[in-house]
Amino acid sequence: MGMQMRKVVKRALCILPMAFGLSVADAVPLAAFSETGSHSRDQQLLEIRDVMRGGRGGFLDLGFNYTPLASQLPLESPYGEHEGYAFRQHVAGFGSGAVTRQSQLGALLWFERSGWDGEDFFVYPKYNAFSHVASTTTWGLTYTHIKHDVTFAGGMQHYNVEHVGDVYPEESDSLLYSWAHLRWNHFSVQGNFYRSNVRFLRLSLDLESRLVYGGYSKGLLTYLPNIDLTVYNKSADKFSADTYRMNWEQNLYGQILYAEVSYDFPDDGFHSAALKYYPDASRMVAFEATCIRRNKKIDGTDDLLWGGGIEFPFVRFAYNSSYDYENFFHAKGTFIVEFQFNLASIDGFLFARGGTRSAPLETIKVEKKNKDLPPEGDGLIHLNPSDASTSVGSGKTKTLEATGIRYEKSGNGGN
Amino acid sequence: MVRSAMKAFVRPLFALCVFCALPLALTGCLSHWFLESETRLQLENATEDYSIISLDVVALDGSIYSSWIRQTVLPGERSRVEEGDWIGEFKVRVKYTESKDASGDTLVDYRVLDFEGGSMYLQVTASEKGKLQYKFR
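Chains A and B are the protein sequences, given in the same order. Residue 210 in the working numbering sits at position 195 of the first sequence, and the numbers go up by one each step. Residue 88 in the working numbering sits at position 80 of the second sequence, and the numbers go up by one each step.
Do not rely on the hints blindly, as some may be mistaken.
[What the hints assert, rightly or not] The calculated SDA-like cross-link candidates involving lysine to any residue, where the alpha carbons are at most 25 Å apart (straight line), are:
#1 B:Lys99 <-> A:Glu91
#2 B:Lys99 <-> A:Tyr183
#3 B:Lys108 <-> B:Ile72
#4 B:Lys99 <-> B:Thr114
#5 B:Lys99 <-> A:Glu303
#6 A:Lys141 <-> B:Thr114
#7 B:Lys143 <-> B:Leu115
#8 A:Lys311 <-> B:Ile72
#9 B:Lys103 <-> A:Pro93
#10 A:Lys141 <-> B:Lys103
#11 A:Lys141 <-> B:Val89
#12 A:Lys141 <-> B:Lys143
#13 B:Lys103 <-> B:Phe42
#14 A:Lys233 <-> A:Glu303
#15 B:Lys99 <-> A:Pro93
#16 B:Lys103 <-> A:Val182
#17 A:Lys141 <-> B:Leu115
#18 A:Lys311 <-> A:Ile361
#19 A:Lys233 <-> A:Lys141
[Claimed, not checked] Chain B side only, calculated, beta carbon under 8 Å to chain A, not exhaustive:
#20 Leu43
#21 Ser45
#22 Glu46
#23 Ala67
#24 Leu68
#25 Ser71
#26 Asp93
#27 Ile95
#28 Glu97
#29 Tyr142
#30 Lys143
FYI, nobody ran anything at the bench for these hints, they're computed from the structure. For glycine and all other residues, C-beta sits at the position ideal for the given N, C-alpha and C.
Using the sequences and the accompanying hints, generate a full structural model.
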C-alpha cells in the first residue's frame with residue numbers, strides 16, 4: 016500500500032476516536048511495566064479473597080482491553096513516544112465440589128498476560144525492540160468446611176516474562192511465589208511469600224452481611240464495613256521499608272451505593288477513593304466515580320487523578336479510572352474499553368464478584384416458568400382418572416385416545 | 009418456502025463467519041493489516057559534497073542511542089533498506105563529513121523526524137549555507 020494511501024486510512028481512522036477525546040491520550044511510562052508484576056499478583060489475590068468469601072460454588076472471569084489506535088497509549092521511552100498498544104488479557108476460574116456432606120474441595124486458576132507491543136493482537140505479539148510481554152498465573156486448591164464456615168486455600172504464583180525490549184530496566188525473568196488464604200466466617204488472612212520471605216500479609220474483615228453467603232438482604236448488619244489492612248514488604252531484606260495500606264468499603268445505601276477509601280501509611284497518606292453505584296446488588300452493572308493519587312516516582316507528579324467508569328455484563332468503559340491506573344499501566348487521558356465478563360455462583364445464586372444478592376435474571380426465569388404452566392384442569396373428558404395425570408403439563412394435546420371410543424374436543428365447540 | 013431458503017442460506021454463512029473468525033482471532037486485530045508497525049528506512053545522500061557515515065536514533069536527553077543505518081553513503085548514493093521499530097517522533101543523529109570520500113573530521117547533525125511506519129525514503133540535501141536538509145519522499 017502506498018504511503019499516501021496509508022496516510023488517508025490513518026487519518027480516517029483517527030477521526031472517530033478523536034471525537035471521544037482520544038487525541039489527548041497520555042503516554043505509558045516505562046516504569047509502570049516494571050511495577051506490574053507486583054500489582055497484578057496483588058490484584059489476583061484480592062479477587063481470590065472476594066471469591067473465597069463463600070469458599071464454594073464457582074467463578075468465571077474473562078476479559079481483554081480494547082484500544083483501537085496505535086496513538087492511544089503510546090510508550091514513553093528515553094527516545095520519545097512510540098506508537099503501539101498497551102494490552103491486558105485475563106481469565107480466571109474457580110470450581111468446587113462436595114466430598115462429604117460438610118466439606119468441599121475446589122481448585123482455582125487466575126491468569127493475566129499484559130504489557131505493551133507494537134501491534135495489537137489476541138495471541139501472538141510482534142515482540143519488537145520496545146515490547147514488554149509478561150504474565151502472572153495464580154493457582155491453588157481450596158478446602159471449605161461448611162458447618163464451621165472455614166476456608167483454607169493455598170497454592171503458587173508465577174510471574175513469567177515472555178519478552179522484554181532493550182529499553183526496560185533489568186528484571187528477573189521468572190519468579191515463583193507461594194500464597195495461602197485462611198478464612199473463618201467474616202475474617203480472613205492472606206499471605207504471599209517468595210521463598211521464606213513474606214511479600215505481603217493481608218487481614219480482611221468483611222463484616223458486611225451478604226444474602227448470597229447466608230446473611231441478610233437488609234438491615235443494620237448490611238451497613239457494617241469491609242476493612243482490610245495489608246502490610247507490604249517492599250524490600251525483602253529491609254523490614255524498615257514496609258508500607259501499610261488500609262482499605263475501607265462502606266455500604267451507604269441498600270447495598271447499591273458504596274464508598275471506598277484507601278490510605279497508605281506511615282508516609283504516603285491518601286491513596287484512592289471511589290463512589291460506586293450498583294443498580295442491582297448483584298453488581299452485574301456498575302457506575303463509579305474514582306479519584307486516585309498519582310505516583311510521583313512513575314508519573315513525576317503527585318496530584319489527584321479524577322475519573323470514572325461504567326460496567327455492563329460484557330463491556331466496561333472507563334476514563335481515568337483508578338482501576339485502570341493501577342491495573343493497566345497508569346493509563347490515563349484516554350477512553351478504555353474492556354470486554355469482560357465475570358460471574359460467581361453459590362447455592363444457585365448468580366452474581367458478579369463482590370455482589371451481595373443474586374442477579375435479577377433468575378426472578379425473570381421463575382416468572383416465565385409460572386406463565387408456561389397450563390391452567391388447572393385441561394378441559395378434557397377422561398374415561399379413566401389416571402389419564403388426567405398423564406395429560407397434565409401437555410397443554411397442546413387436544414385429543415385423547417381410549418380403547419374403542421374416541422372423544423374429541425375442539426376449541427370453538429363445533430363438531 | 010422463502011423462510012427455509014433463507015435458513016439454508018444463513019446457516020452456512022454463519023458457519024463461514026465462525027470459521028473465518030478463528031484465524032482472525034489468531035492473527036490478531038485487523039489494524040496492522042493496513043497500519044504499519046515498523047519503519048523500513050532508506051536514505052539517499054542527495055548532496056553533492058558531503059558523505060553520510062551513519063544515522064542513529066538518540067534519546068531525548070542524549071543518554072543512549074540506537075544505530076539504524078550503519079553504512080557510509082557517498083554523494084549521490086542510496087543506503088540499503090534498514091528495518092526499525094520506530095513509529096513516532098524521534099531525534100535522529102546523522103554523522104557526516106564535508107568530503108566526497110568520507111575522509112576528514114566527522115560532524116554531527118541532530119534533527120527530530122516523524123516516522124509514520126512502512127517504507128520511508130529519506131532524502132538528505134544540503135542548503136547553500138552548508139546545512140543538511142531532510143525530506144521524506
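Exercise for the section: Would you check the hint for B:Lys99 and A:Pro93, treating anything up to 25 Å between C-alpha atoms as holding? Expected result: holds (11 Å)
Problem - Hint validity - B:Lys143 Cβ closer than 8 Å to any chain A Cβ - result: Because about 13 Å separates B:Lys143 from the closest Cβ in chain A, which is outside the 8 Å limit, the hint is violated.
Handout entry: Agreement of A:Lys141 and B:Lys143 with the hint, judged by alpha carbon distance not exceeding 25 Å
Key = Not OK: A:Lys141 and B:Lys143 at ~29 Å, beyond 25 Å, violated.
Exercise for the section: Quickly compare the C-alpha distance for B:Lys99 and A:Tyr183 to 25 Å and report which way the hint goes. Expected result: Holds: B:Lys99 and A:Tyr183 sit about 19 Å apart, inside 25 Å.
Exercise for the section: Could you grab the alpha-carbon distance between B:Lys99 and A:Glu91 and see if it respects the 25 Å cut-off? Expected result: holds (14 Å)
Problem - A:Lys141 paired with B:Thr114 [C-alpha distance capped at 25 Å] - result: violated (36 Å)
Problem - Residue hint B:Asp93, partner chain A, criterion CB-CB below 8 Å - result: holds (4 Å)
Exercise for the section: Below or equal to 25 Å on CA atoms is what counts here, so check B:Lys99 against B:Thr114. Expected result: holds (19 Å)
Exercise for the section: Double-check B:Glu97 for me: the hint is only fine if its C-beta lies closer than 8 Å to a C-beta in chain A. Expected result: holds (6 Å)
Problem - Restraint status (C-alpha distance of A:Lys233 to A:Glu303 at most 25 Å) - result: Holds - the C-alpha atoms of A:Glu303 and A:Lys233 are around 22 Å apart, at most 25 Å.
Handout entry: Hint validity - B:Leu43 Cβ closer than 8 Å to any chain A Cβ
Key = holds (6 Å)
Exercise for the section: Against chain A, run the beta carbon of B:Ile95 and see if the smallest gap drops under 8 Å. Expected result: holds (4 Å)
Comparing the model with each earlier hint shows violations of hints 3, 5, 6, 10, 12, 13, 17, 18, 19, 29, 30; every other hint is respected.
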